[in-house]
Amino acid sequence: MEGPPGDAALLAGVAERDIGAFRALYERHAGWLALRLARRCNDADLVADAVQDTFVAVWQKPRSFRGDGDIAAWLWGIAIRRLVSRLRRRTDVAAAFGSSETAPAAEEEVLLSVEYGDMGAALARLSPEMRAVIQAVVLDGLSAREAAQLLHVPVSSVKTRLFRAKAHLRATLAEGLS
Amino acid sequence: MTGWHVDDETLRRYVERIDSVAEGASVEQHVLTCARCRARVNTAAFAVDLAVVDLAAVWDRTRDAVEVPRPSFFERLLGAAGLPPREARLVAVAAAFRGVWLVGVVAVLAFAALAAVIGRAGGLWFFLAVAPVTPCLLVAFSYDWRWDPALEPEMVTPYSPLRLVLLRTIAVLVLALPAVLLLGLVVPGGTPFVWLLPALGFVAVVLAASTWVSLLHAATSVSAAWLLAVWLLAATRSDSAVVLQARVQVAFLVLTAAAFVIFLVRGRHLSQLRPRR
Numbered sequence: 006m007e008g009p010p011g012d013a014a015l016l017a018g019v020a021e022r023d024i025g026a027f028r029a030l031y032e033r034h035a036g037w038l039a040l041r042l043a044r045r046c047n048d049a050d051l052v053a054d055a056v057q058d059t060f061v062a063v064w065q066k067p068r069s070f071r072g073d074g075d076i077a078a079w080l081w082g083i084a085i086r087r088l089v090s091r092l093r094r095r096t097d098v099a100a101a102f103g104s105s106e107t108a109p110a111a112e113e114e115v116l117l118s119v120e121y122g123d124m125g126a127a128l129a130r131l132s133p134e135m136r137a138v139i140q141a142v143v144l145d146g147l148s149a150r151e152a153a154q155l156l157h158v159p160v161s162s163v164k165t166r167l168f169r170a171k172a173h174l175r176a177t178l179a180e181g182l183s
Numbered sequence: 057m058t059g060w061h062v063d064d065e066t067l068r069r070y071v072e073r074i075d076s077v078a079e080g081a082s083v084e085q086h087v088l089t090c091a092r093c094r095a096r097v098n099t100a101a102f103a104v105d106l107a108v109v110d111l112a113a114v115w116d117r118t119r120d121a122v123e124v125p126r127p128s129f130f131e132r133l134l135g136a137a138g139l140p141p142r143e144a145r146l147v148a149v150a151a152a153f154r155g156v157w158l159v160g161v162v163a164v165l166a167f168a169a170l171a172a173v174i175g176r177a178g179g180l181w182f183f184l185a186v187a188p189v190t191p192c193l194l195v196a197f198s199y200d201w202r203w204d205p206a207l208e209p210e211m212v213t214p215y216s217p218l219r220l221v222l223l224r225t226i227a228v229l230v231l232a233l234p235a236v237l238l239l240g241l242v243v244p245g246g247t248p249f250v251w252l253l254p255a256l257g258f259v260a261v262v263l264a265a266s267t268w269v270s271l272l273h274a275a276t277s278v279s280a281a282w283l284l285a286v287w288l289l290a291a292t293r294s295d296s297a298v299v300l301q302a303r304v305q306v307a308f309l310v311l312t313a314a315a316f317v318i319f320l321v322r323g324r325h326l327s328q329l330r331p332r333r
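From first to last, the protein sequence lines stand for chains A and B. For the first sequence, the residue numbers in my numbering are 6 to 183. For the second sequence, the residue numbers in my numbering are 57 to 333.
Worth double-checking, as some hints may not be accurate.
[Claimed, not checked] Some chain A residues well away from chain B (every beta-carbon gap over 12 Å; in silico):
#1 ARG22
#2 PHE27
#3 ARG44
#4 LEU51
#5 THR59
#6 ASP75
#7 ARG94
#8 ALA179
[Unchecked claim] Chain A side only, calculated, beta carbon under 10 Å to chain B, not exhaustive:
#9 ALA17
#10 GLN57
#11 LEU167
Keep in mind the hints are simulated off the structure, nothing from the lab. Every value quoted in this text rests on a predicted model; they were computed, and no experiment measured them. We put the CB at the ideal spot given by N, CA and C, even for glycine.
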């Protein structure tokens with residue numbers, strides 16, 4: 006299909022120091038990245054900084070994309086870590102995890118069962134703390150250490166909560182099936 | 057993959073952040089792999105940027121950030137040494153730390169190697185002729201606008217040219233003098249420090265002269281004079297040790313001090329640094 010250049014082509018342009026390709030990449034991805042980051046952090050300035058950091062990092066090391074998987078997922082991986090890094094410097098801002106109405110999830114194949122209502126209900130019944138951990142580790146793909154930094158809790162708490170949350174979900178889903 | 061896509065209602069709820077627990081997660085997971093839905097979420101995000109972040113402003117900042125070259129190692133070193141960022145930049149952008157500096161060092165290295173090959177007497181004369189004038193030539197080149205495009209905006213910004221020239225000169229010397237000293241160790245005969253005072257003296261003279269003529273003219277004149285002197289010495293005496301004598305070194309010390317005082321006194325005449333078209 007002939008159309009606008011793909012993400013890979015834009016990234017190649019960025020590697021060639023093409024500011025036009027860089028701008029196109031920004032316009033194609035900055036929006037959804039900012040929106041998704043904003044759901045994890047209530048401070049719009051921090052989100053803006055994280056988006057900026059993300060694209061500056063892309064400009065500086067466009068070749069760090071190893072070509073496996075989607076460029077969008079790669080960008081998200083950078084963005085969420087930049088947000089974690091920004092949050093680490095700012096202890097006065099708490100991440101929005103658990104506090105907002107919007108919430109976490111699990112992997113896509115599980116999420117697709119949302120139409121049956123069971124997974125959504127199971128997630129809704131989790132405590133905000135457990136939901137936050139599930140969101141950070143399962144959906145955002147952070148390590149336990151990064152999740153701990155994002156949520157301002159010890160690494161051990163992340164691991165315990167993740168374990169409990171999974172057990173909780175399993176039990177709720179089993180309950181729904183029987 | 058799957059036939060599932062983000063419908064308009066889900067998209068609206070996601071953007072307005074009034075979606076349910078799993079709905080938002082579904083959208084987020086889906087847009088990582090579905091370019092079409094991602095584009096729709098992205099467009100919606102740009103449309104509601106007043107509610108999230110000002111993406112146009114973030115783009116401006118991002119572009120500015122990538123267009124400003126990253127601080128070089130040397131610049132970060134200056135910053136760590138306590139120099140304010142702006143002065144660190146002014147010092148570090150000196151062309152001497154890029155091409156010209158490299159050329160200068162390579163030239164000195166080549167001459168030193170040549171000196172070692174040629175042999176004690178001839179080689180030493182050669183090194184004696186070249187090494188002391190290398191730093192002042194480097195300083196001069198680092199101010200010539202033909203070599204350094206960064207100089208033009210610098211010279212029109214309100215900034216004490218005296219301070220700038222001193223900072224840059226010190227920076228150039230910090231890089232150039234160790235090289236000269238190091239090569240002085242390699243070259244047979246004499247101590248490595250004998251080149252130090254002549255080198256400093258020539259830099260001071262060039263700076264002082266730059267309040268009358270351009271740095272490049274001053275540096276080439278000083279270099280020519282020194283080469284002539286060395287050539288005359290070599291032609292009349294076979295012993296290069298004359299330059300190493302204490303009284304000659306003292307003379308260089310006096311020359312350095314005098315030239316430096318002249319430079320400081322006449323510092324306001326540094327308009328010569330301005331590039332002339």
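The hints, checked one at a time:
{"no.": "1", "hint": "ARG22", "result": "violated (9 Å)"}
{"no.": "2", "hint": "PHE27", "result": "violated (7 Å)"}
{"no.": "3", "hint": "ARG44", "result": "violated (6 Å)"}
{"no.": "4", "hint": "LEU51", "result": "violated (9 Å)"}
{"no.": "5", "hint": "THR59", "result": "violated (9 Å)"}
{"no.": "6", "hint": "ASP75", "result": "violated (6 Å)"}
{"no.": "7", "hint": "ARG94", "result": "holds (17 Å)"}
{"no.": "8", "hint": "ALA179", "result": "holds (18 Å)"}
{"no.": "9", "hint": "ALA17", "result": "violated (17 Å)"}
{"no.": "10", "hint": "GLN57", "result": "holds (5 Å)"}
{"no.": "11", "hint": "LEU167", "result": "violated (16 Å)"}
Of the hints listed earlier, those the structure fails to meet are numbers 1, 2, 3, 4, 5, 6, 9 and 11, in rising order.
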